[in-house]
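Use these hints to put chain B onto chain A, whose structure you have.
There are 2 protein chains.
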Amino acid sequence: MRIQSLIKDAQLGLLFQQGTFGLEKESQRIDRKGNIVTTAHPSVFGNRSDHPYIQTDFAESQLELITPPTKSLEDAYRWLSAIHEVVLRSLPEEEFISPLSMPVGLPPEADIQEAQFDDPKDVEYRQYLSKSYGKYKQMVSGIHYNYQISDEFIENLFNLQNEYSSLKEFQNALYMKLANNFLRYQWILLYLLAATPTVELQYFMRNGVNHSPLKEKQLVRSLRSSPYGYVNALDIVVNHDSLNEYVNSLEQLVSSGRLIAEKEFYSNVRLRGGKKARELLENGVKYAEFRLFDLNPFEPYGISLQDAKFIHHFLLFMLWIDETSGQKAVEIGKNKLYQVALENPCAETQFRNEGEQILTALIEMLKEIGVNQNEIVYAQTKLAQFANPMETINGKLIQAIQQIGSDKQLAIKLSQSYKQRAFERFYAISAFDNMELSTQALLFDLIQQGIQVELLDENDQFLALKFGEHLEYVKNGNMTSHDQYISPLIMENKVVTKKVLAKAGFNVPKSVEFTQLNQAIEHYPLFEGKAVVIKPKSTNYGLGITIFQQGVNDREDFAQALEIAFREDKEVMVEDYLVGTEYRFFVLGDQTLAVLLRVPANVIGDGIHSVRELVEIKNNDSLRGDGSRSPLKKIALGDIELLQLKEQGLTPDSIPVLNQNVQLRANSNISTGGDSIDMTDEMHESYKQLAVGIAKAMGAKVCGVDLIIPDLTQPAEPTLSSWGVIEANFNPMMMMHIFPYQGKSRRLTKHIIRMLFPEIV
Amino acid sequence: MRIQSLIKDAQLGLLFQQGTFGLEKESQRIDRKGNIVTTAHPSVFGNRSDHPYIQTDFAESQLELITPPTKSLEDAYRWLSAIHEVVLRSLPEEEFISPLSMPVGLPPEADIQEAQFDDPKDVEYRQYLSKSYGKYKQMVSGIHYNYQISDEFIENLFNLQNEYSSLKEFQNALYMKLANNFLRYQWILLYLLAATPTVELQYFMRNGVNHSPLKEKQLVRSLRSSPYGYVNALDIVVNHDSLNEYVNSLEQLVSSGRLIAEKEFYSNVRLRGGKKARELLENGVKYAEFRLFDLNPFEPYGISLQDAKFIHHFLLFMLWIDETSGQKAVEIGKNKLYQVALENPCAETQFRNEGEQILTALIEMLKEIGVNQNEIVYAQTKLAQFANPMETINGKLIQAIQQIGSDKQLAIKLSQSYKQRAFERFYAISAFDNMELSTQALLFDLIQQGIQVELLDENDQFLALKFGEHLEYVKNGNMTSHDQYISPLIMENKVVTKKVLAKAGFNVPKSVEFTQLNQAIEHYPLFEGKAVVIKPKSTNYGLGITIFQQGVNDREDFAQALEIAFREDKEVMVEDYLVGTEYRFFVLGDQTLAVLLRVPANVIGDGIHSVRELVEIKNNDSLRGDGSRSPLKKIALGDIELLQLKEQGLTPDSIPVLNQNVQLRANSNISTGGDSIDMTDEMHESYKQLAVGIAKAMGAKVCGVDLIIPDLTQPAEPTLSSWGVIEANFNPMMMMHIFPYQGKSRRLTKHIIRMLFPEIV
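Here the protein sequences come in this chain order: A and B.
Numbered according to the working numbering, the first sequence terminates at residue 806, and the numbering increases by one at each position without gaps.
Numbered according to the working numbering, the second sequence terminates at residue 806, and the numbering increases by one at each position without gaps.
Just so you know, the hints here were simulated from the structure itself, not pulled from any lab data.
If a hint is listed, it holds; no wrong ones were tucked in.
All copies of an identical chain are treated as equivalent in the list; a pair is satisfied when it fits inside any one copy or across any two copies.
No farther apart than 30 Å at their CA atoms in a straight line, the calculated lysine-lysine pairs in the BS3-like style are these:
#, residue 1, residue 2
1, K741, K511
2, K464, K78
3, K116, K555
4, K53, K412
5, K412, K331
6, K741, K795
7, K331, K575
8, K176, K166
9, K260, K176
10, K741, K555
11, K511, K615
12, K741, K116
13, K795, K544
14, K222, K321
15, K53, K555
16, K320, K548
17, K213, K575
18, K213, K555
19, K116, K575
20, K691, K679
21, K331, K320
22, K331, K555
23, K615, K548
If you're wondering where the values come from, they're calculated on a predicted model, not measured in any experiment.
With the rest of the complex left out, here is chain A (with noise of 0.2 Å):
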């Protein structure tokens, strides 16, 4: 099967680089002395069967993480970064990711607990296995690499070539090709990522006597390939000649009883498309799984983007090429693989001629299909590594060990960091920061718990949530079926909300409007001497707005406010001001979930640090940053500070007394430096049962109510003095109460899962 020309006439680069990538990482739960822990998989993750993301392996202390299908490598790996931190900040404080293939801390065999699946056939396999095998070699972990060719790529060529006359049986034939050329060459990868040069002593220990085959202190390339690794005896052969032969010889080894199941065929190509091999002949091959790869420990994820697409470079050349290994051919990779896997990893290879061309022809093969300049020179790098073998993950590896002592020793060290780094900037899934904070909150829960996410649109904030056949469709966090159409237009509309409100009986101040400015001012005789604040009608942010708390008294004044409000919109409000503390009340359905009061930015005086260096001190405060990606905003001193500073005799080296509030804003805006304080638990309850009756009212199910309240603690009464409503938010802002400056956290994003999925319990 040759396609290169083809490729090469019809311009099919790009699409032959087109593909659907998937990983899969297991790894051990480790504890802070680094051995493997005897706990429970962690029950925050729900039912793991069903996880999408967060499984078990073998044995109930490995996870087994995996990524969604995705059209691109990039977004696999930030599955993979964005699942890592869910775990990572998931696990007990005293459980850590260990960054080794091969297992380090190993308790005593019994010990080891397989993985408690519900359904008991997946238990008693892992007990066959335990049997056959030994506990001890099922613990060693790797990654797994799903590739699935691109279906228009292979459309496309199958038009182009006349070997076949069923698309089926192209595609068949395209797989196989890949499946065999990579088993012929295999080690070449072996090579250049394996890093499983060592294993602790009890890794080889029966019943206290030790059965390394290894002298001591040796060391190889890839224990975990090797025949002491995870790996078949070494007479079970499937054959590779067709797809047909393979199916045939992989049904007989199981139904001669050589295998348990055809999943006990430990391959480093799986075949996939169905359930069983023989579906593949039917349905034709879906993707190919490549099980090769050992963890590298100095990669926080157990792989590199820039691996995982070197990986994906030479499957591409497994294509490329012309020749398509055979079974003679694939015994041969079979058997290089073993050879080199038990080399010494400090010299070169044996086989350095033959991996030094393949890569040479890979590098050209990358420059004809337009591959990015860098991704040619990171290949090359790999092509220098086969006369520097020190260079390759394995050197790197050895000397780390030497460094630190032992095994153990660096995955406690790698380990930990590993941890800590997930943990900097906790309210964040650090792969998906171009998205808002709060649908990264609500990415964490959906993770966390197992619930399939497709990302439709990032920059809209638009997810597909799908539990079981369930269905939902999230956008910014919120913003879901369960509200309905027009209560958004309701709550958009300052007039409408109001009258909507004052209908359903709720306090409002009141007010009158206006769409015309002269006629606004004619009006000031109605106003005269009372507290009113005039805003536009329609606009956010507080664009617009004057307040006249002592009463307005000078019509020139009203008029100038008026201007300022019609600068805005074209139709302006006059409405009697409330005294009151100003509150925001996050409710969903029936409950108001939190109560938050928004206090503008300041600092508290010591008597020892200037203004400036407490709000130095202030900012340090890792929720604070930039205010989009972070939860808080850093106060700034600027006009407007200095201002407010002036105002109270201050600069910003005055030293405050102690206890002495330094005012820096006027405006209570968490986006402008203000401190978000959760008063939901000292709330008096008649108020939050006001807020779900003023989010009822306008057939909102989540809804951000904005109350004035004298006073909080005494039960709402029921006249404006006792409380009013001034605004009604739609897609309420959830991080504030998520990530409070100070006062309990509130985790919003949990309830709008329950909202969604009323079945998970």
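Chain B only, in chain A's frame:
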């Protein structure tokens, strides 16, 4: 009770002018020959018992049109206009509304049917009236004017005075003053506004005998307000000295059997605030109803806005003057009324002096409280009418009757011209033409079917609807509580829409999205030779879209199209182009209610007229206008159209041959003069079902689905060559279906109402 100085001192002039207003207008349905009809109240108006706008008064033929309470007379008047347009367009072709208070074309008494209400008591009461007064007297029509003094004004005034210690008593006293002074001076309004100088002889006929008290050809100022009109016997006296005595004496009249019920007391002022008069004492008077006014036949709605305002000013003056009439003065006023009613309308009134004094003082008040200059001028013209009786409405009416020959002839002429006028822009509600046509269409149906409408925000097309206790909100004609919030968010985003629809198994054209121009251009090889559409992700109205219908064969063209698209959005899609015709499906719930084909602006040659003339002829269609205040837009002959003509080798002066289709635009938008053609009945059912499924997949109840279909007569197949969905729209346009250029009208607004209020059958 002196309030004049309080208003002056506290600058309450503006507040004094505020109030709540309502108009109730009775009138007879007549036929083309001017005879009162004997047909039933049209069933299209639904159940009259609960109808807020369209009722019957005494007789089945006697319409009573009621405006909802409004804060301004302008608004009351707009409602009066709107209700009239609805009624006139809903009446049978051969029925009209008589413009005269006095009945014309009276049928034999036996043929007059009392209004057939559901409640037998309502019918019985009318039968009692027939017996007591004779049916003919009950056939007289007029306008009732409801006026509520501003609560805020009353409160302000109450706080300034020290005569009354209870707000309720103060309020009652204020209304009592208003009522009594009105009764004292009502003759002035009668002189100025009366319009019943004469009546057909039949009115006085009983069993073939003429009982007329008038001399032949004798004219009076107001038959209706004279003892020969619709009034109580002269000895029915209710004491107006105080509210207490008023209630007691009224109850006495009923308990003694002189009146069958309180409502039989036909005072020209009724105090309102409860079902029984006694409730006024307990709850306070809420508003007053003034029943003095004859229909002004020269006004399509029976009263001019200027006169309505003048009446308001007269009422204000009744409050303004220092005196408060007692029962004695009320009797004087009633006597003067009767005297003036029977005066010769062509001569000066005997009370001219008093009239001029009062109006002069009224004009002073208007100046004092800051009323608009043109309203002061209007009051001055009224004042001048004391010197020129022929300038009053009566004077003009007498001349008009003399000119045309009879009351009946005048009624025929005016009623027909008013009906014709109501059809001029039959697709609009003239008084609410500031709103979108679709909202106007909805309003039409709501008024017709008797659903209470509150205009929450006209600029925002926001309505509150109420039927019984059932409340619904509607924005822009079809945005309601029945749609999920997430649906429009999905539809707003073309990428998300496609993913959602593809997920649900619908045919969507394949597409690739790009966020960077260079990256997109580099993908040229993927699209070379293919028919594609390049478009921005989110913008509408066709901006930034390029179609390569014949395949893109030049990298430069491709790059340029991308550049144009990137000007409109940060994300651009390259989408497969679908071959076929685009149809708009209007889906509501489980049904496709309408299918529309939009055809680019065009004219069809007749071998006689030039293109310019053909355009002019086509533009004469009453549906064509500016496109926002009309369902279709006039075809322009601008640069784009000239270019389009040029491509066909034509100029505006060319004369196309018979049946030559001359294209004036390439795009099919209605907004550029395109034709809308209803295809609902032609479209194969299978596509209608698909459109319903597509709407459902997005959780939408109301949805405009755009399908590309090569052959609408063939059933839908599962492949893209049979059909494809290219867009789904929330808040889809309704007018193009309701008033299409060609084909059946689809009254979608009625379906929206049925969706919101399924309880209405």
